[in-house]
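Construct the complete structure from the given sequences, taking the supplied hints into account.
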Amino acid sequence: MTTAQDTLTLAPELQTLHTAAQAEGLTYAGGVPPVLAWRLVQANQAVLVDVRSSEERKFVGHVPGSLHVAWATGTALVRNPRFVRELEAKLAKDGGKDAAVLLLCRSGKRSVLAAEAAAAAGFAHVFNVLEGFEGEIDAQLHRGGSDGWRFHGLPWVQD
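The sequence shown begins at 2 in the numbering used here and counts up one residue at a time.
Simulated from the structure, these hints should not be mistaken for lab results.
There may be inaccurate statements among the hints.
[Stated by the list, open to error] With a straight-line Cα cutoff of 25 Å, these simulated DSS-like cross-link-like pairs (lysine-lysine) come out:
| # | residue 1 | residue 2 |
| --- | --- | --- |
| 1 | 91 | 59 |
| 2 | 91 | 110 |
| 3 | 110 | 59 |
| 4 | 110 | 98 |
So this is what it looks like as structure tokens:
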């Protein structure tokens, strides 16, 4: 999962999503459904970066082999001012700013903000993983009942 990509060309699925994102006027490369994200990571066609806090990863779980660069830190989720620099350092051996990067958060909202910041800093192929790790909150104020990484039965572990 953290191995360098064989080539810096985008997988056809990512190229299609990127083209759609451009047509929508998004400032980042687009959104990727969780199942496709995992397939691309397994094929070494993208790098998965978890942008949730360390606390979320520890207590809720995380994807094995994913990189971690927090968009916000602590229980108050204070914005990490070093996010872009840390992301660049973590991706140095995986293609740097040219790597196909999939950002994952809790529900897909913070990862959009992180993707926008990364794109503004010159990351060419940064995508948001739709639905996030836990998914949207439902009418009963629970997550994970209808969408999200875990809902789709994708690999995850808990400390």
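Checked hints:
no.: 1; hint: 91 <-> 59; verdict: holds (19 Å)
no.: 2; hint: 91 <-> 110; verdict: holds (22 Å)
no.: 3; hint: 110 <-> 59; verdict: holds (20 Å)
no.: 4; hint: 110 <-> 98; verdict: holds (22 Å)
Of the numbered hints listed earlier, not one is contradicted by the structure.
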